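Respectively, the protein sequence lines represent chains G, U and E.
Mapping the first sequence onto my numbering, position 263 (from 1) lands on 263, and the numbers just tick up by one.
Mapping the second sequence onto my numbering, position 29 (from 1) lands on 396, and the numbers just tick up by one.
Mapping the third sequence onto my numbering, position 78 (from 1) lands on 808, and the numbers just tick up by one.
Rather than coming from a laboratory, the hints here were simulated on the basis of the structure.
The structure presented is a predicted model; accordingly, all values stated were derived computationally and were not measured.
Hints may be right or wrong, so weigh each one.
As the list claims (entries may be wrong) - Below are the DSBU-like pairs computed for lysine-lysine, each with C-alpha atoms no more than 30 Å apart in a straight line: (1) G:K127 - E:K837; (2) E:K833 - G:K123; (3) G:K138 - G:K115; (4) U:K521 - G:K244; (5) U:K495 - U:K535; (6) U:K535 - G:K285; (7) G:K244 - U:K624; (8) G:K115 - E:K816; (9) U:K640 - U:K421; (10) U:K373 - U:K589; (11) U:K589 - U:K521; (12) G:K340 - G:K159; (13) U:K455 - U:K707; (14) G:K115 - G:K285; (15) G:K123 - E:K837; (16) E:K789 - U:K535.
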Amino acid sequence: MENNNQKFIWREYQKEIADDHFFYVRSCIRQAFFPGSETFFLSFMRNQLGKDVFEDARHTTCTGIGFHGDVVPHETIMTVVARHFALMTEAGYRHVAISCVTSFGIYSEILETWKHFPEIEEKIHQKLILATGRDFNKPDTIAHTSDIIYKFRNEVAAKMKYPLINLNTGEPLKVVEHIGCHYSKMFPQYGVGGAEFPQVLAGMIKAWGGEVVDYPERRHCCGFGFRQYLVQANRGYSAANSKKKFDSMQSYEPDFILCNCPGCTMFMDKWQYTIAELEDTVYGKEGLGIPVLTYEELAGLVLGYDPWDLGLQMHQIPVETLLDKLGINYDPEKKFITQKGENIGTPLIPQHYNIGLKTAGTHSGCC
Amino acid sequence: MTNIKKIAVLGGGVAGMETSIQLNRLGYQVDLIEIEDKLGGHVRNWYKLFPDHKPADEFLEKLISNLSATDVQIKTSIQINAFLRKEKKLCLFDQACEFGVYDAVVVATGFDLFEAYRKEEYGFGIYKNVITSAGLETMFLGKTIKTSGGNVPKRVGLVHCVGSRDEKCGNLHCSKVCCITAVKQAITLRQMLPNTEVFCFYMDMRMFGPSYEELYREAQEKWAVRFIRGRISEAAQNADETILIKTEDTLTGRQLKMNVDLLVLMVGMLPSKGTTVIGKKTGLDFGMNRFLKVKDEHYHANETNQEGIFVAGSASAPMNISDTISHARAAATAVDHYLKTTDHERFSEKNNIRNLEKALHEK
Amino acid sequence: MATFGFSILKDRQIDYDNNDHRLFRFIEEQEPSIRLCIGCGGCTAGCTAAGFTGFNYRKLNYLLMRGETEHLQKGIQQCMLCGKCKLVCPRGVNTRNMIFALKRAFKTPLWEELQKKINV
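Just need the whole structure built from these sequences, with the hints factored in.
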């Protein structure tokens, strides 16, 4: 009865990912919540693969959060993105590398809109010229940065120090992956593997030795939903969506969650804490929560980067259980000490996630 | 008349066999041509028939014994792939050779089941415990209904309208037989596995035939089959390989989720590959659902746009077995009438109809 | 007004003849596919909003078709316009556009008029 249909489905969705010369656009929130991710990406691309990745300091937010939060109109966001295309054009680049799934969705949506309504594109050209004196060419390709890591997943595998194998059991780690709604649910053809059986993260997990968990609510939203989160009264709705996913994945005993989108990474991580506080439910086989990683953090870990250099101390759910399974050495004393030797303060350790760190009293209120 | 007229019947399923029997009884020389090496078509793979739970092989044996009492020439493993008109005769070609010359051809090439993997949200071909209605019949025939883990399913879900009434897979038509098949299969499940719960997920219950509604009632009353009115939106696999399904329970207006050990997709009927190929080769018109188009739904349900080419059974529309038998018999009388009328008579008949229509119109 | 410690119950029956069907016709004109609904609930089954709120596209579509306009404006607020319903619908109802059409309708004088009627 089984005919490997799953493979058959995702192979229909392949996209062109450029090989070199990227115009890099950052995320608004990742530098705060997962500060090592973008740094790793740039260092990996430039120093390990020798690729040309260009950044322009004049790049701004895409205004996606405002757009989805109903405060930025469509024309405004299109003009802002057109300005980014203008910066890219001026710098002589043709491939955009996008660090955020929200932005990636915005870029995809705008390019699709212009494809079907050329008159809107023309209008935006005029508006941008009027406002800034700039004009732009559309990019040849747009890639989410996970697409690029996916493309080079075998290069990562070749240099891998810590494959996704549980040292204690010798078994592959069980990984939940979450691509984020705006990665390929709007335009499946823009994502590697489409929306039903997306391969972008699954491909990395498999290439690095892990096993992907296909749990029932795999395709459900993380709960961010912009309006749901941005309005405090609606946050229960947001957390309920994450809870639906955690409940559904719990019986698979996943070792960690791999995320694609800044918003998803944040909410999969932080709502676990919230649910623990509000309802006393702690997920994860060890009862210490399910660690949540970005794909850059994961790539960094398997390549042997120091977990604290990758910014893993900024996660709400402690990652130590995962590091132990992978056999990665880390210095617990240095968790909250920066490379410059500054103490960033030990957070209040919620009772649910006490992994034996120095407890409350010394905290400076992180998160 | 020394020259006995010769007829080719394409397709050796229920429709083709019955048409051949009837035409032979009317005195014609019949070649029954089947692409597979055996006669019987889909019924061969079926356990019991609705609504009376008659064993399918019993029915098939009867049909085959009637057929063997005739002198119909049975030609199996033959694929007709070309067609030519020679004056008033119809020539059929097998590979590159001329296979036979006929006075009339009956297309009884039937249906194919919808390929369930196309509704990818239901997970057929992905999850082991998602099977089709045909797969369940195979299990019935083997007298073992087991999940992928080798256990007796404690709960089975039957999904109606898979590949039917669904513009997302390009099939607007109702396949007609799936509702009653689901009711029949649900009862068989309850009979074979008395401790198993059985749920039918339906959009409408279309109990169109005699005794069908009564069987639906019996399923509720005697066999406690549960009916939930809602279309399944997606199926997913749990860690223990059971299947999680989601629907709206439309009659309470709330979302509903449920785990089942076995999910059965009631796959619909599509024109068979053979129907499509023969239709194209012989220049037949297709209707809006890609089945062969008949000249008139009411009065010329076996005639096609091509003179001398007739259609019998589910090549023209989804049909149950009793309708197929009737349609096949009607095809035989239509062919008989065609072969017994001269061109002149046919012409004047056409004129008569036209005049009659005109008169009715003027009235 | 006299107070007797009770009020007279409002009739909950759909009063088809007295309902105002102009809103339905207005929407139907813009999105004729809404009349294709067969009420299978596929839209609502997969709806993220329906899971946690009272949002039910199928019900709203039927209320509209029956001329029951009272709960529509509040009803559609919970829709996130993700369009999953449209992907599922076996009849090809352009569900998402129905919501947009309703949003447009709420800005028309017709809607103001209907609101007055409802509030009476």
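Here is what the structure says about each hint:
no., hint, verdict
1, G:K127 - E:K837, "holds, 28 Å"
2, E:K833 - G:K123, "holds, 25 Å"
3, G:K138 - G:K115, "holds, 11 Å"
4, U:K521 - G:K244, "holds, 25 Å"
5, U:K495 - U:K535, "holds, 24 Å"
6, U:K535 - G:K285, "violated, 41 Å"
7, G:K244 - U:K624, "holds, 12 Å"
8, G:K115 - E:K816, "holds, 21 Å"
9, U:K640 - U:K421, "holds, 29 Å"
10, U:K373 - U:K589, "violated, 51 Å"
11, U:K589 - U:K521, "holds, 19 Å"
12, G:K340 - G:K159, "holds, 28 Å"
13, U:K455 - U:K707, "holds, 14 Å"
14, G:K115 - G:K285, "violated, 48 Å"
15, G:K123 - E:K837, "holds, 26 Å"
16, E:K789 - U:K535, "holds, 22 Å"
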